[in-house]
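Asks: Just so you know, the sequence shown maps onto residues 1 to 70 in the UniProt record's numbering.
If you are wondering where the hints come from, they were derived from the structure by calculation, not from laboratory data. Remember, it's a predicted structure, so these values are computed and weren't measured experimentally. Check each hint, because a few of them may be wrong.
[Said to hold, decoys possible] So the derived label-pair ranges between C-beta atoms look like this: (1) Ile56 to Gly15: 34 to 44 Å; (2) Ala23 to Asn65: 18 to 28 Å; (3) Gly26 to Leu53: 18 to 28 Å; (4) Arg3 to Arg41: 31 to 41 Å; (5) Arg41 to Lys2: 21 to 31 Å; (6) Gly26 to Glu57: 14 to 24 Å; (7) Ala23 to Glu61: 14 to 24 Å; (8) Lys2 to Leu47: 28 to 38 Å; (9) Thr37 to Cys63: 16 to 26 Å; (10) Arg3 to Pro39: 27 to 37 Å.
Ideal Cβ positions, reconstructed from N, Cα and C, are used throughout, including at glycine.
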Amino acid sequence: MKRTDVVIVGVGVAGAALAYTLAREGHRVHVIERDLTEPNRIVGDLLQPGGYLKLIELDLEDCANESIDA
1 MKRTDVVIVG VGVAGAALAY TLAREGHRVH VIERDLTEPN RIVGDLLQPG GYLKLIELDL
61 EDCANESIDA
(Lines of atoms letter the chains of each structure in order from A and count residues from 1; the text may use other names and numbers.)
(Lines give C-alpha, C1' and ligand atoms only; values in the text may rest on other atoms or scores of the structure.)
Protein backbone atom coordinates (compact mmCIF):
# COMPACT_ATOMS: atom_id res chain seq x y z
CA MET A 1 0.00 0.00 0.00
CA LYS A 2 1.33 3.44 -0.93
CA ARG A 3 1.88 5.95 1.83
CA THR A 4 0.00 9.25 1.62
CA ASP A 5 0.84 12.26 3.77
CA VAL A 6 -2.05 14.47 2.69
CA VAL A 7 -5.41 13.85 1.02
CA ILE A 8 -7.05 16.82 -0.70
CA VAL A 9 -10.70 16.55 -1.66
CA GLY A 10 -11.62 18.87 -4.50
CA VAL A 11 -9.36 20.28 -7.17
CA GLY A 12 -10.61 23.80 -7.39
CA VAL A 13 -8.12 26.61 -7.49
CA ALA A 14 -7.22 26.31 -3.81
CA GLY A 15 -7.03 22.51 -3.79
CA ALA A 16 -4.83 22.38 -6.87
CA ALA A 17 -2.49 25.07 -5.54
CA LEU A 18 -2.24 23.35 -2.16
CA ALA A 19 -1.53 19.96 -3.76
CA TYR A 20 1.15 21.47 -5.98
CA THR A 21 2.80 23.32 -3.11
CA LEU A 22 2.81 20.34 -0.75
CA ALA A 23 4.15 18.01 -3.44
CA ARG A 24 6.99 20.44 -4.20
CA GLU A 25 7.84 20.36 -0.49
CA GLY A 26 8.18 16.57 -0.66
CA HIS A 27 4.82 15.47 0.74
CA ARG A 28 3.01 12.55 -0.82
CA VAL A 29 -0.29 14.05 -1.90
CA HIS A 30 -3.42 12.25 -3.05
CA VAL A 31 -6.11 14.37 -4.72
CA ILE A 32 -9.72 13.25 -5.01
CA GLU A 33 -12.00 15.02 -7.48
CA ARG A 34 -15.59 14.06 -8.22
CA ASP A 35 -15.63 15.04 -11.88
CA LEU A 36 -12.87 16.20 -14.23
CA THR A 37 -15.05 16.56 -17.32
CA GLU A 38 -15.47 19.98 -18.86
CA PRO A 39 -18.87 21.60 -18.32
CA ASN A 40 -21.27 21.60 -21.28
CA ARG A 41 -21.82 25.34 -20.92
CA ILE A 42 -19.72 28.45 -21.20
CA VAL A 43 -17.98 29.21 -17.92
CA GLY A 44 -16.12 32.47 -17.48
CA ASP A 45 -13.17 32.84 -15.17
CA LEU A 46 -11.22 35.92 -14.19
CA LEU A 47 -7.68 35.93 -12.90
CA GLN A 48 -7.28 38.84 -10.52
CA PRO A 49 -3.85 40.53 -10.16
CA GLY A 50 -3.35 38.89 -6.76
CA GLY A 51 -4.00 35.49 -8.30
CA TYR A 52 -1.45 36.15 -11.02
CA LEU A 53 1.10 37.13 -8.37
CA LYS A 54 0.40 33.83 -6.59
CA LEU A 55 1.03 31.95 -9.86
CA ILE A 56 4.39 33.71 -10.13
CA GLU A 57 5.16 32.78 -6.51
CA LEU A 58 4.36 29.12 -7.30
CA ASP A 59 6.47 29.30 -10.50
CA LEU A 60 3.33 28.66 -12.58
CA GLU A 61 2.96 31.95 -14.44
CA ASP A 62 3.39 30.15 -17.79
CA CYS A 63 0.01 28.50 -17.15
CA ALA A 64 -1.71 31.90 -17.26
CA ASN A 65 -0.12 32.68 -20.61
CA GLU A 66 -1.34 29.51 -22.35
CA SER A 67 -3.99 29.92 -25.01
CA ILE A 68 -7.38 28.60 -23.96
CA ASP A 69 -9.92 27.57 -26.59
CA ALA A 70 -13.18 28.93 -25.21
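Asks: Now, for every hint given, state plainly whether the structure supports it.
Replies: Here's how the hints hold up against the structure:
1. Ile56 to Gly15: 34 to 44 Å: Cβ of isoleucine 56 to Cβ of glycine 15: about 20 Å, so the range 34 to 44 Å is violated.
2. Ala23 to Asn65: 18 to 28 Å: holds, 22 Å
3. Gly26 to Leu53: 18 to 28 Å: holds, 24 Å
4. Arg3 to Arg41: 31 to 41 Å: Distance hint for arginine 3, arginine 41 holds at roughly 40 Å.
5. Arg41 to Lys2: 21 to 31 Å: violated, 37 Å
6. Gly26 to Glu57: 14 to 24 Å: Holds, at about 18 Å.
7. Ala23 to Glu61: 14 to 24 Å: holds, 18 Å
8. Lys2 to Leu47: 28 to 38 Å: holds, 34 Å
9. Thr37 to Cys63: 16 to 26 Å: With a Cβ separation near 20 Å, threonine 37 and cysteine 63 satisfy 16 to 26 Å, so the hint holds.
10. Arg3 to Pro39: 27 to 37 Å: Given range 27 to 37 Å: holds, Cβ gap about 34 Å.
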